[in-house]
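For the record, the sequence lines run as chains A, B, C, D and E.
Last residue of the first sequence? That's 409 in the working numbering, and every number before it is there in order.
Last residue of the second sequence? That's 362 in the working numbering, and every number before it is there in order.
Last residue of the third sequence? That's 362 in the working numbering, and every number before it is there in order.
Last residue of the fourth sequence? That's 276 in the working numbering, and every number before it is there in order.
Last residue of the fifth sequence? That's 295 in the working numbering, and every number before it is there in order.
Careful: at least some of the hints might be erroneous.
Claimed, not checked - To be clear about the criterion: a stretch of chain E counts as covered by chain D if any three or more of its residues have a C-beta under 8 Å from a C-beta of chain D, and this derived list gives those stretches:
| id | segment |
| --- | --- |
| 1 | 17-27 |
| 2 | 30-37 |
| 3 | 140-151 |
| 4 | 165-174 |
| 5 | 247-259 |
Unchecked claim - Computed far set for chain D versus chain A, every beta-carbon distance over 10 Å:
| id | residue |
| --- | --- |
| 6 | Trp13 |
| 7 | His14 |
| 8 | Leu22 |
| 9 | Ile28 |
| 10 | Ser42 |
| 11 | Tyr43 |
| 12 | Ala52 |
| 13 | Pro54 |
| 14 | Thr55 |
| 15 | Ile62 |
| 16 | Thr77 |
| 17 | Ser100 |
| 18 | Gly135 |
| 19 | Leu190 |
| 20 | Leu227 |
| 21 | Phe241 |
In short, the hints are calculated from the structure, not lab data.
Just so you know, even glycine gets a beta-carbon here, dropped at the ideal spot from N, CA and C.
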Amino acid sequence: TSGNQSGSGETHKTVIEYWHVNAQTQGGQAVDELVKDFNAKSKDVKVVAKYNPDMYKGLMQNLQAEKAAGKSPALVQVGWAYLDYFSNNFSYLDPNDAIAKFDPKNKSFLKENFLPNVLHLAQNKKGQVGIPYSLSSPVLYLNKDLLKKAGLNENGPSSWQEVRQFADTIKKKTGNYGLYVQEPADTWAQQALMLSNGAQIITKKGKAVFASKEGIEAYQLYQDMVVKDKSALHLPWDQGVDAFVKGKVGMLYTTIAQMSNVKAGAQFKVSTIPSPPFEGKEAKVPAGGSFLAITAQSEDQQKAAWEFEKYLYSRQSMAKWTEATGYVPPRKDVAQAKDGLKDYIAENPMLKAALDQMDKAVPWTSFPGNSGLQAEQIMIDSRDKILGGSGSVSKTLKDAQQQINQLEK
Amino acid sequence: MSETCIQLKSVSKMYGNTKVISDLNLSVKKGERLILLGPSGCGKSTTLRMIAGLETVSSGDLMIDGHRMNDVPAGKRHISMVFQDYALYPHMTIEKNIAYGLMVNKVNKEEVARRVDQVLSILNLKGLERRYPRDLSGGQRQRVALARSIAKQSTIFLLDEPLSNLDAQMRVSARNELLKIHETYHQTFVYVTHDQMEAMTLGHRIALMRDGQLQMLATPYQIYHRPANVFVAKFIGTPATNIVHIHLDGDHFHFQNHSLTAGKEWLPLIAANGSNEFLLGIRPEHMQLSKINKPGALSGTVKRVEEYGSRTGVIFNFEESEMIAISDSRNWRNGERIYFTFNQKAMYLFDKDTEKTIGFVD
Amino acid sequence: MSETCIQLKSVSKMYGNTKVISDLNLSVKKGERLILLGPSGCGKSTTLRMIAGLETVSSGDLMIDGHRMNDVPAGKRHISMVFQDYALYPHMTIEKNIAYGLMVNKVNKEEVARRVDQVLSILNLKGLERRYPRDLSGGQRQRVALARSIAKQSTIFLLDEPLSNLDAQMRVSARNELLKIHETYHQTFVYVTHDQMEAMTLGHRIALMRDGQLQMLATPYQIYHRPANVFVAKFIGTPATNIVHIHLDGDHFHFQNHSLTAGKEWLPLIAANGSNEFLLGIRPEHMQLSKINKPGALSGTVKRVEEYGSRTGVIFNFEESEMIAISDSRNWRNGERIYFTFNQKAMYLFDKDTEKTIGFVD
Amino acid sequence: MPENKMEWRRIIWHLVLIVFVLVALFPIVFAVSNSFKGLSESYNSILQLIPAHPTIENYKTIFTSLPLYQIIINTFTVATVVTLFKLVTSYLAAYAFSFSHFFGDKLLYFLFIATIFVPFTVTMIPNYLIISRIGLLNNIYGVILPQLCDATGIFLLTQTMRTIPKSLIEVSRLDGVKTVGILRDIVFPLTRPAVISIGIMFFINSWNEYVWPTLILKDRANFTLPLILQMFISSEGGTNFPIAMAISMVTMFIPLVLYLFFQKYILNTFSQSGIK
Amino acid sequence: MSVISKKWISYLFILPSLVIFAVFLIWPGIYTVYLSFLDWNLISPTKRFVGLQNYLSLFQDPTLYKILMNTFVYIVILLVINCFMPYLLAFVLEFVIVRGKKLYKKILFLPSIISLVVGSMLYVWILNPVSGPIAIIFKKIGIDLPTWSSTSGLVLVVLSLITSWKVFGYNFIVLLAGVSNIPSGVIEAAKLDNIPLHRIFFQIVLPMSSATGIYVLIMTIVQGLQYIFTPINVVTQGGPNYASSNMIYHAYQQAFVLYKTGQSAALSTLTLLLFTILLFLEFRFVERKVYYAGK
Ligand SMILES: Nc1ncnc2c1ncn2[C@@H]1O[C@H](COP(=O)(O)OP(=O)(O)OP(=O)(O)O)[C@@H](O)[C@H]1O
Ligand SMILES: Nc1ncnc2c1ncn2[C@@H]1O[C@H](COP(=O)(O)OP(=O)(O)OP(=O)(O)O)[C@@H](O)[C@H]1O
Ligand SMILES: [Mg+2]
Ligand SMILES: [Mg+2]
């Protein structure tokens, strides 16, 4: 489609780099297609997409290196956990400024199209850092066959306490594990658990407070399932998902982005339900995924970056993005629109659980200061400690909290 | 010394499809020194190793002291063996080398110490106890290997070319060492060599082998003076026995151009043989050379003269073949015509086809 | 053959601080076959390698054809050398092995082909041209090594124990091969060996070395019959020369208990020597054994009899020492008392301290 | 009976060895098998080694969705350049160490060999900085540059050269062959098998190199094969196992072919590496 | 006699290697030591000199001791699987089984040419404690596999096994060569003396092939610890709670995940120091007792 004209036009096109983390099985192909489409349509911008391995951490590393070399890409995906780290260490262009500067006609682009709680995800004290792009939301996948076999309600549990009972029953009745909660190199899902019990991770001032009664309680329930009941699995992410898809686990608590993988592999009836709350509390789901931030330094690069960004946020692009990745669209109007996801949702009802809980999305806690990465590492370490069954939950969490608060900012 | 110690009954050995020992019958008497002699690759080591239990016997029976041993593992045969490369444990001191096998076999400590001490003094190794093999000369290593075997006090002693890594001077003294040991312990020796001097001086009997087959089993004297076939005659003795083709016509031996009246004593043997074609064997030391023609002498041309020290080797052309004679005189010149005679009693006659001796007359 | 080809003038060789060759004077005539003989480690190879230019000369002069060669690199000396391990290029065919050195030296192609063809046929290697060294037997390899050296057509031919990897039978034929080559090309041979038989039969002259020092340089006959010192007498001849300590009192040689009238012919030599203490050397083959005491005979007890085939070795105790005699008779028994005499003309007398001969009388 | 006992012992040890053989081979067989399965089949018929519905879809996918040719070329370039350089530098050094004496030769040799003991983390950060300073980050030449020399190569080649009989060199000396001639006509042909197998090992190791390229290469188009694999492991969308297997097969292919062709050389040369 | 006639040629031949080593090994080594006295995050323009602070906090961090311990455990496991086992099997193959040497050699060497990333990933799937093929087979006979990847202790063993899969074959052929080099006569002499096999192994074969043994031992420690980096990175990223981390991986993590260059450099320096001590000990105590064939 780009055709012959681009050959001559190429010379005065602004070339910008778009850095993403989408591996081939996880939207990488869609990125390529979107970029190709954009390049064909755009008269003066050419986008070069660069895949960064090792997810958002890897991208951050590369950005560091690029900065050390005195260069920077134009548009980058920043993982939610890196919000603070990114905004403290790199220079970026506030999307509001970008719009004001390059696209004054569309002044209210953000307000019109995004839920405020969603926009809030990409804000820091100073303002908007970027625009939410890949939104992943943790949902509970159910192996309906196993639930049925265990004599449980196929619609699934309605609270975490009930999850525990379900898991226990599955374990006892079928011999299979009841639950697996994802354990990647972050504590996103565990934060969801604590948040859904009404705990706070950090205060506005950046002080860690997760070792509260609620936080401990939530983690305690999780630990009990793993250690005491032995009804929940404690494994690295890929192994856990693999076990669920092979029908060895009753329930899987992981991102909606795993939907197509689960669907392709599962030979049992599978459904999703929204992330459950604790009894009497309200569910909260930290947003996973990333926002897009403009890191271009020169004006023409910044302009081109915005142009491309606008393309990515169009309804069609958003829909395509969701279909390819399973990410929930951050824009309000994509789900119902005909040129959006209407048909797709009809075919993939599993996505609905995630869409339905968009209003419960809260920012994924990003620890402030230069030691944010280390704070996250401490969180991971304490998760491993707790699930390994060594030491009490409250002591582990309190130690972690204290350690994090002592890190130099 | 008449009791049989080791007996091989129709023993054969195959490696894959090649037979390297065929149908070997051999018996070694108690306390005897038997030599296995033969050219390289004839199967001497293989035979020895079968006796030791280091190779399996493909067919036939191996008896030791009247018991069938084919399936008894090497360690249980109570046999000592000295290897060509000595096979000392390089990481153990001399003392340890000797003691190790004994200790593992639970000989008690004082006994081990006693035996080690004894063999060390017998073999003149005192003072070297704490050295390692690498710090010894070839001759010393060889003595340690002997010492180790002796300490084991087994009655059978197998030796696979134990002296071949030593130089000429050392070999002579090592040979004497071996004899001394045998005099002391009277083990049954089976000794492999390809050095005929060693074989002659050490052996009570010699088993001469070729291509896996026994050629002759006899005392050194017999091996030398009564060779069973051409191979034995040529293999034993340096320079080697001259072999010439002759045929008998009436009572004359005919060479190509020469002829000779056959000794009367040979005629009955010749008659018994049937065929008239023979190979004549004459040892170089049994020939008399002369510059003057005598009746009954054959003639040739000197090709080369070799100095052996006390005697001289004269290589000359006789008809189409080259012969060698040993002479006490050094007075021979290349190209010179010479005449030679030999005592027909000391010559050998072999059937041309079978190459076997037709008998002896002296 | 009188022109000097190689000359070593007071040549010494140091390895670090150890002198392995000291003050060696040696000259080799054109076309001569000189043998370097001596026990292991005496410096034979080192000497040869200095001539070749593979080792530097520490002091003294090395002359070839009258030119000082000390500083001429090996490649420019135009010398051929045959190594003990043959040093064939394993990755080249036989043909290539022979041709390689020539081609590097820019001999033209036809000439190379001609020479290769020639040496192949001389050494009976036709048909093996395209094989690799690994596919040849030991004897064939040795011939290829010779062929390669011959093809170079250099006038000096150095050989470092070229036959020591061959077995007894092959050695004899290889020796003849070497003689044939020398007869054809008349190179100057310097030949290292520690086998005295090889030395005696191959050498025009023998240089006998010991601990880096020349002991004697003479023809094989002289080396055998006129040994310059005790070492030479003992090293040459098997069994080795018997050496006994005697001292002269008046006109009598005194052993420990025995005594003997000294031959008159010896007296002037003895007088010239000054000291009266001697080492007496008698070759085993120069002794006559008897069961009966005769005037002038000495007596001993038979310890052991060795069978050599045509003759017998009789080892007997004479006073405190052990002696060996060679006898044509086999009629000796262990423990038996015997009497021996020897021709005083054939005996050697060495000064007790210097161990040098005091002269010869026959 | 004792013979039987011996036989039994042999059989038991054979069984033990067969277990090791299975452990060695199983993953490879498993990879081959799964690379021809569809995603669903790979999830659900794990124990079935022969796919019920064999498909080459996975291979198609990776070749269409990834710049795989480019990546193979990258890997090939890195491995080839690294191998050639390592061979040349090691060969020259080994030649000097084996055939001449010069001031400091023993010490230098020791130092070279001692570098084998330096863990890569020790040089990791500074080398990263060097590469980024000279602008070779995200460039295969940045991967190549610090690897142009290899102490194990020097070690193995020196070992090999020292086994060449001195007399061969001396004979050629006597024939007037010069240093260059000896290197070309004698030493090189004799060490060729070792050079080939060491070269192949360099190639295979470099082909499989993972840690250093992960630090240096950022852009998919510049990747080498082992990095591609990482793209399919544990990413948020779930791991597509059969596709990962197909990539593994592509990654393994060249080393396997090289090994099958040159195993005799390789086994011989590496067998000797421990014998000083 | 030197083949190379002129000395400067020798230096010329060594120069390329020397330059590369100097630039990419020796200088970086020194620079790492320098970095270990700084506080720096790899990109910031300012490097702060902090003296021994990095070392102090390193030693104050309990993680260090855990990782040291892990490193030690890795070494022990690797030695058992990659040094002792192949040694034993080489001995058995050479002196007990005798036949089939070539075939076993060929097959067992095969994995060492395959990328360890590939191997690690394969094993993650094969050894999935719940849904992998091994787990399923075991399940059928009623055994539940432990969740090794999240069990400290066990995770070290499994990661070592994965590494061994790659390293075993190489060590095996090297040791087999070492063992075959023992003159067969010595072993036969021992057999004749009725020495039992296990004694032959420990008292004769082991000491007599010790030169090769030491080589493999050192290589197992030095290379093994570096090889194990890949499975750690692919499978556990050092977790759970550093239970699978070792000094090499931790240094990497500090530098390129947490950007604590100083800490990482200090740890690397420490590692280098440990390796040096190891090498020194080897020379000091083992080398002297080693028997070298042919000397
Ligand atoms: N393991 C084996 N496999 C196949 N053939 C063998 C084996 N061992 C020996 N042979 C062959 O068996 C024959 C006899 O070998 P043996 O070692 O017994 O000879 P030998 O008489 O001891 O020779 P040498 O004097 O050279 O030691 C030879 O032809 C040899 O090649
Ligand atoms: N490179 C060297 N460094 C030190 N000493 C040496 C060296 N080469 C030889 N020697 C010593 O020099 C002496 C003479 O050695 P050479 O090789 O010339 O003896 P040889 O007479 O040829 O002995 P063989 O008959 O054993 O070959 C020996 O004592 C030997 O140890
Ligand atoms: Mg033999
Ligand atoms: Mg020599």
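Classify the label on D/Gly135 as holds or violated, using whether its beta-carbon is more than 10 Å from each beta-carbon of chain A.
7 Å, violated
Taking the minimum C-beta separation from D/Trp13 to chain A, is that value above 10 Å?
Check passes; 35 Å lies beyond 10 Å.
Minimum C-beta separation from D/Phe241 to chain A exceeding 10 Å: can you confirm that?
Check fails; 8 Å does not lie beyond 10 Å.
Determine whether the non-interface label on D/His14 survives the test: each CB of chain A must be over 10 Å from its CB.
34 Å, holds
Claimed clearance of chain A by D/Tyr43, with the beta carbon kept past 10 Å:
4 Å, violated
Taking 8 Å as the Cβ threshold, is the statement that the segment 247-259 of chain E is covered by chain D upheld or broken by the three-residue rule?
holds (count 6)
Exclusion check [D/Ser100 not at the chain A interface, CB over 10 Å]:
Fine: 44 Å to the nearest Cβ keeps D/Ser100 off the interface.
Closer than 8 Å, Cβ to Cβ, for at least three residues: run that test on the segment 17-27 of chain E against chain D and report holds or violated.
Contact hint for the segment 17-27 of chain E vs chain D: holds, 8 residues under 8 Å.
Assertion that D/Leu190 lies farther than 10 Å from chain A (Cβ)
The claim holds: D/Leu190 sits with its nearest Cβ about 45 Å from chain A, beyond 10 Å.
Beyond 10 Å from each Cβ of chain A, as asserted for D/Ile28
D/Ile28 is indeed farther than 10 Å from all Cβ atoms of chain A, at 20 Å.
Count the residues of the segment 30-37 of chain E with a beta-carbon closer than 8 Å to any beta-carbon of chain D: does the count reach three?
This one holds; 3 residues, not fewer than the three required, reach chain D with a Cβ under 8 Å.
Are all beta-carbon distances from D/Thr55 to chain A longer than 10 Å?
Holds, since 14 Å exceeds 10 Å.
In summary, the numbered hints that this structure violates are 3, 10, 11, 15, 18, 20, 21.
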